[in-house]
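S.K.: Sequence:
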Amino acid sequence: MKTLFLATLFLPIAFAAELTLSSPLNHQVCQRNTPLKISGSLPQAAKKNLTLEARLSENLWTKIGSLNAGKTNFTAQLNSTQTGWHRLEIRAKSNNDILYTGSVARLGIGEVFLIAGQSNSANHGAKKLNVQSGMVTSFDGAKWQIANDPQGGASGRGGSFIPPFSDAMAKRFDLPIGIVSTGSGGTSVREWLPKGSRFPNPPTVLNKVTQLENGEWESNGLLFDKLANRLRILGPNGFRAILWHQGESDANQRDSTRTLPGALYQKYLTQLIQESHRVAKWKAPWFVAQVSYHTPDDPGSPDLRAGQKALWTSGTALEGPDTDALTGANRDKDGKGVHFSALGQKNHGQAWAQKVAPWLEQQLAPIEVFILAGQSNMEGQGVVSMNHAKYYNGGKGNLVWSMQNSASKEKMEHLRDNDGNWVERDDVEISFKARDKVRKGQLTVGYTGYGNHSHIGPELQIGHVLGDHFTAPVLLIKTAWGGKSLHKDFRPTSASGDTGEYYTKMIAEIRDALNILGNRPHQLKGLIWMQGWNDMVSKEATAEYADNLVLFAQDLRAEFKAPTLPFIVGELGNGGPSKEGTGMQTFRQIQRSGTSKIPNARFVATTQFARPKELSPNPGHGHHWFGNAESYFLIGDALGREMITMLGEK
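Numbered per this note's numbering, the sequence shown spans residues 96 to 745.
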């Protein structure tokens with residue numbers, strides 16, 4: 096009876112047919128925190144509706160989709176945060192009958208990197224190297240395999256930097272590393288452009304470009320097509336970053352008419368990066384190395400290096416290693432060659448790891464998210480540099496003037512770098528939708544409703560204060576519109592009457608900004624509210640303001656399931672201290688009173704930051720602090736520091 100029982104127990108799977116999996120493949124490494132794409136086919140059309148299930152290693156079976164009767168092919172996805180190497184099992188069943196099964200014997204979930212560039216990104220090094228960790232595989236466009244040199248998918252039959260780079264990353268993060276190589280020796284950035292891209296002068300090697308009748312040259316797009324193919328296979332968020340190592344074929348060519356100026360290098364590589372984002376359907380990060388070395392007699396091109404560096408400073412790319420510094424014994428042919436020796440390959444790999452690993456650690460840290468909301472004074476009306484004698488009071492009180500003449504000038508020094516450029520913080524990002532277009536990037540001047548760098552709001556110094564405080568990256572989600580009241584436009588859901596149109600828009604913009612983060616870990620840390628003018632000028636709105644403010648905080652916290660979210664209210668301090676019995680004084684008292692009724696909320700006084708209209712760029716705009724940049728800077732400073740105080744007390 097015991098034997099009969101066991102036979103019956105396993106009968107449903109005993110006669111299951113084998114299904115074919117096209118994704119993932121054996122030895123493949125899939126990017127963590129990205130849904131695992133599973134696709135395949137049955138040996139014949141399903142005769143009945145089927146349920147598809149999957150599991151990693153010995154985990155529980157999870158439903159991943161269904162397949163209707165008459166269908167053969169299926170596509171589904173499995174969400175998993177479990178890094179490491181796994182056995183993936185798939186089964187298709189009808190009720191309790193398992194009809195089809197399939198598996199991938201070795202599947203990694205870890206970090207994936209795409210490599211592009213010319214020979215020193217490919218297999219032209221002096222010695223073939225093997226991976227030592229047992230944690231690294233590579234993809235050649237068709238199959239995944241152990242990432243020993245030469246790397247599949249890249250040119251050359253020699254060695255590369257990839258084994259030492261990958262081993263260093265696998266050791267540091269203790270997880271599988273996947274490599275997708277596309278490098279091609281002797282190629283210019285011009286040859287990597289999409290088909291039809293034109294340029295005035297040709298590269299040294301002409302087999303991937305065509306001359307036109309007008310004398311211009313254009314790319315045949317073969318290298319871009321190869322890159323695009325890999326991007327499509329990996330899919331959106333299917334890898335961590337692209338590592339670009341190229342420049343030798345653009346710098347200091349023997350025929351100087353084929354040398355590419357640094358400014359054009361920056362232009363063409365920017366175009367390539369943008370086109371890759373279009374194909375990949377996400378803004379994949381690019382690391383760009385400093386590469387221009389040929390021989391000891393031609394150690395590099397300052398002009399080309401400047402073009403590569405400009406990609407970092409513009410925010411187009413991240414800073415890669417300076418491999419022009421790897422000279423002497425790091426080069427083949429007894430130090431006289433352009434390619435790397437075995438020692439150079441190892442040092443090249445370590446140089447990449449030293450750039451990528453700290454960045455990756457920062458990416459893995461939960462993002463500290465703060466919401467900045469309100470009306471025009473949160474939107475930002477502080478003038479940056481406009482100085483017309485008639486329209487901007489000769490520039491008095493703008494940001495440039497304030498950094499030289501105001502009482503806060505020393506406190507503002509961090510806003511510019513040593514070259515006089517506005518600082519862009521790579522550890523603080525801001526997302527702001529204005530004129531139906533979302534602008535997201537590194538914190539700097541200009542994130543206002545004007546769509547350029549002409550103005551600032553409180554967000555600038557809020558971001559600097561929070562960025563200096565947190566070791567983890569910070570995201571500011573700014574959502575603001577001028578001329579809007581809490582009484583009507585931002586009216587919360589639980590208040591009587593209709594929910595405000597801009598309350599609904601605010602929630603949608605916050606959700607959209609959070610959704611862009613995908614599976615990247617993040618935590619909502621606080622909200623800063625800067626609003627009130629349109630309520631202050633209405634007696635009815637003023638009378639309701641305290642109650643509406645309480646409901647606003649309550650509803651927003653409920654919306655994002657953050658019942659104790661720190662909530663800061665910035666005072667409507669325009670014009671400085673108000674006179675007894677005025678509408679402004681009454682409103683400020685109600686603002687403070689309403690804030691006191693909200694748990695875990697603070698009121699921040701701002702009247703002390705008002706500056707005389709005579710020393711401000713917009714003397715007629717009292718409702719906008721006269722456009723005084725010092726005022727907006729100090730408001731942001733006070734709001735940011737109060738948020739840190741609140742978080743420290745939790």
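These are computed hints drawn from the structure, not numbers from a lab.
Hints are supplied without guarantee of correctness; some may be wrong.
Claimed, not checked - If you anchor each label on the Cβ, the simulated ranges turn out as follows:
1) ARG293 x LYS238: 19 to 27 angstroms
2) LYS362 x LYS674: 52 to 60 angstroms
3) ASN695 x PRO616: 20 to 28 angstroms
Ideal placement from N, C-alpha and C gives every residue a C-beta, glycine not left out.
S.K.: Against each hint, give a clear statement of whether it holds in the structure.
M.R.: Now the hints, each set against the structure:
In this structure the hint that ARG293 and LYS238 lie 19 to 27 angstroms apart at CB is violated, the actual value being about 36 angstroms. Take LYS362 and LYS674: their Cβ atoms lie about 58 angstroms apart, and the range 52 to 60 angstroms holds. Distance hint for ASN695 and PRO616: a CB-CB separation of about 23 angstroms, consistent with the stated range 20 to 28 angstroms.
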